[in-house]
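Please build the complete structure, drawing on both the sequences and the hints.
Line order of the protein sequences matches chains A and B.
For the first sequence, my numbering begins at 1 and goes up steadily by one.
For the second sequence, my numbering begins at 288 and goes up steadily by one.
I should point out that these hints are in silico values taken from the structure, not numbers from a laboratory.
Values in this document were obtained by computation on a predicted structure and should not be read as measured data.
Among the clues, some could well be false.
Unchecked claim - Computed cross-link-like contacts, EDC-like style, restricted to lysine to aspartate or glutamate with a CA-CA straight-line distance of at most 20 Å:
(1) A:200 - B:472
(2) A:180 - B:322
(3) A:65 - A:237
(4) A:65 - B:472
(5) A:200 - B:322
(6) A:162 - B:323
(7) B:395 - A:237
(8) A:64 - B:323
(9) A:200 - B:438
(10) A:180 - B:323
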Amino acid sequence: MNKQTKVWLVLSIALSLLALASACSTKTPDTNTPGDTATAAPYSGPTGTVSGVISYEGTPPAPKKIDTAADPVCGQKNPNLATDDTVVKDGKLANTFVYIKDGTVEGGKKVSEYAWSTPTTAVQLDQNGCHYVPHVLGVQVNQKITITNSDATQHNIHPTPKNNPEWNQTQPNGAAPIEKSFNRAEILIPVKCNQHPWMKAYIGVMRTPFFAVSSADGTFEIKGVPPGKYTVVAWREGGVNGTEKTLEVTVPASGAAKADFAFGGAATTSLTPSLKMMPAIEFPMMH
Amino acid sequence: MKGLNRFAILVACATFFLIIAGALVTSHDAGLATEDWPLSNGQVFPKMVGNLFWEHGHRMVATTVGMLTIALLIYIFVKEKRRWVRRLGVFALLAVVAQGLLGGLTVKLLLPLPVSTAHATLAQLFFCITVSLAVFTSRSWIEARPLAHEEKGTLPLRYLCTTALVTIFLQLIIGATLRHSATWDQHLPTELILAHIGGALAVVIALGTATLTVMRRYKGEIFLTRPAMLAMVLLVVQLFLGLAAYMTRLASPNDPQPLNPMIGITVAHVACGALVFVTTIVLTLRTFKVLPASGSALELSRQTSGVVGT
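Given below as structure tokens:
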């Protein structure tokens with residue numbers, strides 16, 4: 001017993017120390033986000049567009065009903081509140097963030113080497129029916145976001161970025177709009193409300209103006225794109241950091257390029273003849 | 288003295304309730320339901336809707352426990368003559384104040400993992416102090432007399448119990464780190480889950496060894512066998528709760544919001560973990576009380592047993 005007890009003792013202490021050491025191990029943060037380097041000169045010249053349709057192949061997951069009993073105001077205003085992570089209509093997917101990740105403008109300069117001015121108009125994010133509207137939005141670095149509360153209850157807006165400062169601000173009903181901006185590019189910042197844990201939104205912060213969010217019919221259009229060859233990414237929520245699909249497109253001078261993406265089931269990304277397919281980047285799904 | 292003991296038990300029970308209230312805040316992801324601290328949205332009694340119910344409710348329970356701790360300290364200074372018990376009472380007050388400040392820091396610093404983990408760990412330590420005060424002021428503690436010396440050459444039971452206690456405490460820290468490393472809609476880090484499972488195995492071995500030793504050496508001594516058996520039963524329950532908590536938590540990121548099965552089972556796992564910890568504390572303290580290892584320990588035991596203020 002004595003010897004055995006000692007062996008067990010040493011074993012248990014060693015195990016717990018091992019467990020503690022493992023618990024204290026650190027993780028390298030993900031830094032795979034668009035660059036922030038300052039650029040020299042603004043682009044001036046002909047521009048084209050990148051447009052396309054986001055499809056959803058297979059049967060989309062049914063929206064899940066949200067229990068709003070914790071705050072009756074939410075249930076009164078929005079009795080059919082449900083999840084909006086996969087909004088599909090006629091096989092077309094809304095709320096997909098599409099952006100030009102990188103590329104070379106005709107003439108050889110990288111798109112990131114130009115200066116892209118920050119719009120002076122603010123982007124709206126409303127809390128309406130205990131629900132963020134829009135669900136996915138894009139802004140440029142330092143562009144203002146005006147956050148409003150249209151509900152008769154209080155919310156708190158809590159973005160959880162990796163490359164920008166995190167903040168958490170309460171907004172009671174009737175309070176003045178909150179104005180915020182992000183000073184570093186980041187794909188995409190989750191926004192939550194710790195008052196109502198089902199409330200989620202995503203903000204894409206870009207250094208360039210080349211982004212769009214697919215509308216209810218799955219279409220998107222990125223305007224003002226200089227002619228050149230670009231990597232276009234479509235991002236949608238789900239998985240650890242969202243799910244991405246990538247395409248390479250060539251935008252002709254004053255012309256249009258098409259980039260159609262497909263998500264869901266066994267989706268494959270469709271291509272027009274002018275497009276060259278790149279291997280899709282699938283982030284590990286945890287579902 | 289009976290009144291003091293009852294009051295100490297009340298504070299310990301209130302602390303247990305506080306731990307449950309804190310666990311509910313974490314499971315509901317309500318820690319940042321308000322940006323404000325110590326008030327909630329600038330009010331002492333805000334409208335308790337949404338997750339503010341859990342966060343502000345936790346603050347109200349914490350305030351009550353703080354008040355009770357102050358009252359307990361006064362009670363101890365009035366009734367208790369043992370200087371070290373008085374010191375422990377002061378320590379309890381310092382711990383509850385520190386715990387409140389840590390709680391404030393978690394809100395102001397947006398729940399950084401080290402601060403949240405420290406807050407959860409100090410909660411367990413504070414619970415340990417309040418339970419210890421209840422033990423030290425109890426009649427059974429005061430009247431307990433040393434048992435026969437343990438056989439020479441055997442590993443002292445007090446060391447076995449201390450090992451179990453330290454192992455459980457380390458496991459609680461790992462559990463707190465695991466719990467605060469991801470919110471309900473994120474997946475828990477695999478390395479921490481494995482660490483927690485490894486910790487559970489270590490606890491089973493350490494506490495199992497201590498309990499078996501108690502049952503073998505002191506079969507008829509309920510002063511020791513009762514907490515030992517209780518700790519083991521709680522540990523078995525805790526293992527099942529841990530498994531259930533893992534299963535519900537695994538599904539949680541796909542849920543639209545934190546759901547009651549996940550919340551209930553996870554909170555029960557936290558609460559049961561706290562009970563395993565304090566039951567082992569009771570067992571350990573009692574072994575130190577009745578199983579003196581040497582002449583000096585016997586002397587210490589005499590000193591700590593009989594000084595009563597009433």
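Evaluated hints:
no.	hint	result
1	A:200 - B:472	11 Å, holds
2	A:180 - B:322	16 Å, holds
3	A:65 - A:237	18 Å, holds
4	A:65 - B:472	16 Å, holds
5	A:200 - B:322	18 Å, holds
6	A:162 - B:323	23 Å, violated
7	B:395 - A:237	29 Å, violated
8	A:64 - B:323	32 Å, violated
9	A:200 - B:438	64 Å, violated
10	A:180 - B:323	19 Å, holds
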